[in-house]
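Note that the protein sequences, when read in sequence, are chains A and B.
Residue 2 is where the first sequence starts when you use this note's numbering, and the numbers rise one by one after that.
Residue 2 is where the second sequence starts when you use this note's numbering, and the numbers rise one by one after that.
Hints are computed from structural coordinates only; laboratory data are not their basis.
Mixed in with the good hints there might be a few duds.
What the hints assert, rightly or not - Derived contacts from chain B toward chain A, CB cut-off under 7 Å, selection only:
| no. | residue |
| --- | --- |
| 1 | THR50 |
| 2 | ARG344 |
| 3 | SER345 |
Claimed, not checked - Output of the computed footprint for chain B on chain A, the stretches with three or more beta carbons under 8 Å from beta carbons of chain B:
| no. | region |
| --- | --- |
| 4 | 15-29 |
| 5 | 86-99 |
| 6 | 151-160 |
| 7 | 285-295 |
Claimed, not checked - Heads up, simulated SDA-like pairs for lysine to any residue below, C-alpha to C-alpha not over 25 Å straight-line:
| no. | chain 1 | residue 1 | chain 2 | residue 2 |
| --- | --- | --- | --- | --- |
| 8 | A | LYS43 | B | ALA39 |
| 9 | B | LYS195 | A | MET2 |
| 10 | B | LYS341 | B | SER247 |
| 11 | A | LYS21 | B | LYS142 |
| 12 | A | LYS59 | B | ALA20 |
| 13 | B | LYS6 | A | LYS21 |
| 14 | A | LYS337 | A | SER247 |
| 15 | B | LYS21 | A | GLY47 |
| 16 | A | LYS142 | B | LEU250 |
| 17 | A | LYS6 | B | ASN19 |
| 18 | A | LYS10 | B | PRO96 |
| 19 | A | LYS28 | A | GLU11 |
| 20 | A | LYS140 | B | ASP3 |
| 21 | B | LYS10 | A | PRO235 |
| 22 | B | LYS166 | B | ARG141 |
| 23 | A | LYS43 | B | PRO56 |
| 24 | B | LYS43 | A | GLU116 |
| 25 | A | LYS28 | A | ASN199 |
| 26 | B | LYS140 | B | ARG172 |
| 27 | A | LYS140 | B | GLY279 |
| 28 | B | LYS142 | A | LYS188 |
| 29 | B | LYS21 | A | SER247 |
| 30 | A | LYS21 | B | ASP3 |
| 31 | A | LYS118 | B | ALA66 |
In this text, a Cβ means the ideal position worked out from N, Cα and C, and glycines have one as well.
Protein chains: 2
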Amino acid sequence: MDIRKLVKKEVAGLRAYNAKEIPCRIKLDANESPYGFADAVKAVSGIRTNRYPDPEAKTLRQLLAKDLGVETGNILFGNGSDELIYYLITTFGGPVSYPVPTFSMYGIIGQALGEEKAEVPLDKEFDLDTDTFMDAVRKRKPKLIFLSSPNNPTGNCFSTDRILKVLEASRGIVVVDEAYQPFSSEKGMLPLLKDYRNLVIMRTLSKIGLAALRLGFMIADPGIICEVNKVRLPFNLNALSQAVASAALKRKKEFRASIRTIVSERGRLLEGLARIEGVMPFPSEANFVLLRVDDPDRVYASLLREGILVRNLNDAVKGCLRVTVGTPKENTAFLKALKKIARSSK
Amino acid sequence: MDIRKLVKKEVAGLRAYNAKEIPCRIKLDANESPYGFADAVKAVSGIRTNRYPDPEAKTLRQLLAKDLGVETGNILFGNGSDELIYYLITTFGGPVSYPVPTFSMYGIIGQALGEEKAEVPLDKEFDLDTDTFMDAVRKRKPKLIFLSSPNNPTGNCFSTDRILKVLEASRGIVVVDEAYQPFSSEKGMLPLLKDYRNLVIMRTLSKIGLAALRLGFMIADPGIICEVNKVRLPFNLNALSQAVASAALKRKKEFRASIRTIVSERGRLLEGLARIEGVMPFPSEANFVLLRVDDPDRVYASLLREGILVRNLNDAVKGCLRVTVGTPKENTAFLKALKKIARSSK
Numbered sequence: 002m003d004i005r006k007l008v009k010k011e012v013a014g015l016r017a018y019n020a021k022e023i024p025c026r027i028k029l030d031a032n033e034s035p036y037g038f039a040d041a042v043k044a045v046s047g048i049r050t051n052r053y054p055d056p057e058a059k060t061l062r063q064l065l066a067k068d069l070g071v072e073t074g075n076i077l078f079g080n081g082s083d084e085l086i087y088y089l090i091t092t093f094g095g096p097v098s099y100p101v102p103t104f105s106m107y108g109i110i111g112q113a114l115g116e117e118k119a120e121v122p123l124d125k126e127f128d129l130d131t132d133t134f135m136d137a138v139r140k141r142k143p144k145l146i147f148l149s150s151p152n153n154p155t156g157n158c159f160s161t162d163r164i165l166k167v168l169e170a171s172r173g174i175v176v177v178d179e180a181y182q183p184f185s186s187e188k189g190m191l192p193l194l195k196d197y198r199n200l201v202i203m204r205t206l207s208k209i210g211l212a213a214l215r216l217g218f219m220i221a222d223p224g225i226i227c228e229v230n231k232v233r234l235p236f237n238l239n240a241l242s243q244a245v246a247s248a249a250l251k252r253k254k255e256f257r258a259s260i261r262t263i264v265s266e267r268g269r270l271l272e273g274l275a276r277i278e279g280v281m282p283f284p285s286e287a288n289f290v291l292l293r294v295d296d297p298d299r300v301y302a303s304l305l306r307e308g309i310l311v312r313n314l315n316d317a318v319k320g321c322l323r324v325t326v327g328t329p330k331e332n333t334a335f336l337k338a339l340k341k342i343a344r345s346s347k
Numbered sequence: 002m003d004i005r006k007l008v009k010k011e012v013a014g015l016r017a018y019n020a021k022e023i024p025c026r027i028k029l030d031a032n033e034s035p036y037g038f039a040d041a042v043k044a045v046s047g048i049r050t051n052r053y054p055d056p057e058a059k060t061l062r063q064l065l066a067k068d069l070g071v072e073t074g075n076i077l078f079g080n081g082s083d084e085l086i087y088y089l090i091t092t093f094g095g096p097v098s099y100p101v102p103t104f105s106m107y108g109i110i111g112q113a114l115g116e117e118k119a120e121v122p123l124d125k126e127f128d129l130d131t132d133t134f135m136d137a138v139r140k141r142k143p144k145l146i147f148l149s150s151p152n153n154p155t156g157n158c159f160s161t162d163r164i165l166k167v168l169e170a171s172r173g174i175v176v177v178d179e180a181y182q183p184f185s186s187e188k189g190m191l192p193l194l195k196d197y198r199n200l201v202i203m204r205t206l207s208k209i210g211l212a213a214l215r216l217g218f219m220i221a222d223p224g225i226i227c228e229v230n231k232v233r234l235p236f237n238l239n240a241l242s243q244a245v246a247s248a249a250l251k252r253k254k255e256f257r258a259s260i261r262t263i264v265s266e267r268g269r270l271l272e273g274l275a276r277i278e279g280v281m282p283f284p285s286e287a288n289f290v291l292l293r294v295d296d297p298d299r300v301y302a303s304l305l306r307e308g309i310l311v312r313n314l315n316d317a318v319k320g321c322l323r324v325t326v327g328t329p330k331e332n333t334a335f336l337k338a339l340k341k342i343a344r345s346s347k
């Protein structure tokens, strides 16, 4: 029996996520926060491990709704935003459209679920190319459009007026993935939620110190939440993550302080990078910086020899690496190492 | 914009899981273990909340592989078995076949993913009706067959020779869901894994004291694991649950003791139920008992008035309730209350 012949053809064509663990001293590859909430894990102490978690995550839901200024019925939780992408595509089907380069999961999950993909290249400033996008919307009639803003891996926000054009032209659902919004100077789409019934906003706790928990959420009209909730696995949010997230969300000062530090360090990183010959950083509204270098494969390998792990994006964005903003010390070490590597290449 | 018109028709026809929380004193409705692992939650203390979890769950994987006597490459983890059902149907597609009555998620997830369902009634002893099942296999050619054994909610194991007949006749994947196997006197299908390349075994930690964690796993030929892994979300298992499960799995004595108590209490429950007039319990190899009563809706409501929550299955299995085995004290209280209710109905 050849198992591969039993598999859906779209799945057969997929490759599993590369989970290779690369040993390093300074980990700047995964857009994690360098700051965690060590104390918040104590919140698990009262949990009865034998009981199923609250399928509605009521405590966490109320905290979050209050923070965001929305109703509890506007929120749906996922085991990370990845799971929300799964649920959205399961609910609405395809075609699934998104600009490229962007977060790879829209395409991977779309393919896993057997849906058509409509990829539209970004313009030269990595902004939405409205003409091409509108054309795709008209011709392919996507059921779902995913816009990551700030966009991973380019780091910029898409222009609000261009996002609005897409929202107005689309007869399907437009998902604005705001995973990196906390690091941005832009407000994001939340204030516009009431004006667009086809708008879904995705957020996550993964970039702001809680990646270990797997906790993403979407904010949308209750009509959308109600439909997506039909395909949600009832106990998708384990009790431990619910408890730790609830405890951490109360520490607003810590959240704000860590975000402030990361944003300030991003500025220092950008300045430092701009001063290194042969390196061109792109502006960033996220907790990472995209940079173009002369020989990305060599620079990536040389950094790793120094114990510094970044993301080599040469496949997706020609000539580019992506570096996560680390602690001040980590960023200094990264800049120093890169300067040395750039110099040695001449 | 009418959101419902955008939704896939199979999803529009679904109802969301009923998450209504019913206050009670004694909770015997969800097939949870009455015994937890309070100490194991301490294992989260070292976790860095800001880092993504190990996508391969290596520590837990090695512990489990050793316990089960399989290779680490035979195991794939899910955020509960529910997620594994999602992944299996995403990977292989439909038709999806299963006997009824059984665990509702096979049908719900199959429908959410837009696949055809082929339901086959069990025989009068709640065993597989091989003739009808073979007929369905020949005619509908299911890509996936789900057999819950011990079966939820009937409590019995299917005859091994009948399961083997299905395995041999099927040209698709046969998933034997052994969520309740730890409570059974039967060995389960694990010893037969090497003989059947199309066999998938599902297990879970949810029934043996760790439902809060959401941790299911499947065991199969690496060829199957490799394909399903393509549709698995890379970080589907949060770091907290990984740590707590790893700590709990080391407490083999506690696991065994709690299972022994539950099995022994199941025996006492069955004897007690058989002695109550108007009540007919079915034999059970699981941590719950199915019972037929004269007026299930009334009995369910009367028990709840006493603070005892069981599952009313009158919709799925006419005349039946399902009660989870609780602590000795809880079981005694349940039997006493049921006796009183049965008497008052005459």
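Q. Which earlier hints turn out false for this structure, listed by number in ascending order?
A. 2, 3, 6, 7, 10, 11, 13, 14, 16, 17, 19, 24, 25, 27, 28, 30, 31
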